[in-house]
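J.: Given the sequences, and given the hints that come with them, work out the whole structure.
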Amino acid sequence: MDNSRDSSPSRAASPTPTNRSDHDPPPGMEPDEPETTDGRGRLIIENAAAQRVAVHAALRTPGVHAHGAGGLGKLTRRELPRARVVIAAGRARAHLEIAVSWSRPLPEVARAVQHSVAEDLAVYTGLHVDGVDVAITQILDLADDVSLRDTR
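Count along the sequence shown starting at 1, add 89, and that's the number in our numbering.
Read the hints as simulated data drawn from the structure, not as lab findings. Mixed in with the good hints, there may be bad ones.
Derived DEER-like restraints, expressed as beta-carbon distance ranges [as the list claims (entries may be wrong)]: (1) A137 with V212: 12 to 20 Å; (2) G179 with D230: 13 to 21 Å; (3) I228 with R180: 28 to 36 Å; (4) R167 with N136: 32 to 40 Å; (5) A178 with I228: 31 to 39 Å; (6) S192 with E135: 34 to 42 Å.
Ideal Cβ placement from N, Cα and C applies to all residues, glycine included.
T.: Shown next as structure tokens:
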């Protein structure tokens, strides 16, 4: 009985070759993310979380209303407010589309949304906010819809 094993390099198990060194960040972590100097690690804010913060901040602004195209609006993602937040190197830029009641002064509402979104993103995510772009894409006549009347 032959108890010898073939240990030739061609048959030996070898780790899958990679282009990563032991000091590279794990897959999915951007190299330009800031590291803390106190050894606590990193906080990664996902775009989806930042977008939810931005939408919530917009909805808290007087004159801004949730608006959708019924059941189809959810499928087509045409509900308002809608936010897109771009995050890079600890900085954020938000782009929002909102619905506003027609009786409100549009420039004031847009400025209030910019302020509210920038403040909430900075406080709740710790990101530096470079800017908030606001597009008023729907003006609502709330006199026809009792459920949407502004009570603020």
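J.: State for each hint whether it applies.
T.: So, going through the hints one by one against the coordinates:
{"no.": "1", "hint": "A137 with V212: 12 to 20 Å", "in the structure": "18 Å, holds"}
{"no.": "2", "hint": "G179 with D230: 13 to 21 Å", "in the structure": "42 Å, violated"}
{"no.": "3", "hint": "I228 with R180: 28 to 36 Å", "in the structure": "32 Å, holds"}
{"no.": "4", "hint": "R167 with N136: 32 to 40 Å", "in the structure": "19 Å, violated"}
{"no.": "5", "hint": "A178 with I228: 31 to 39 Å", "in the structure": "37 Å, holds"}
{"no.": "6", "hint": "S192 with E135: 34 to 42 Å", "in the structure": "37 Å, holds"}
Checked against the numbered hints given earlier, this structure breaks hints 2, 4; the rest are met.
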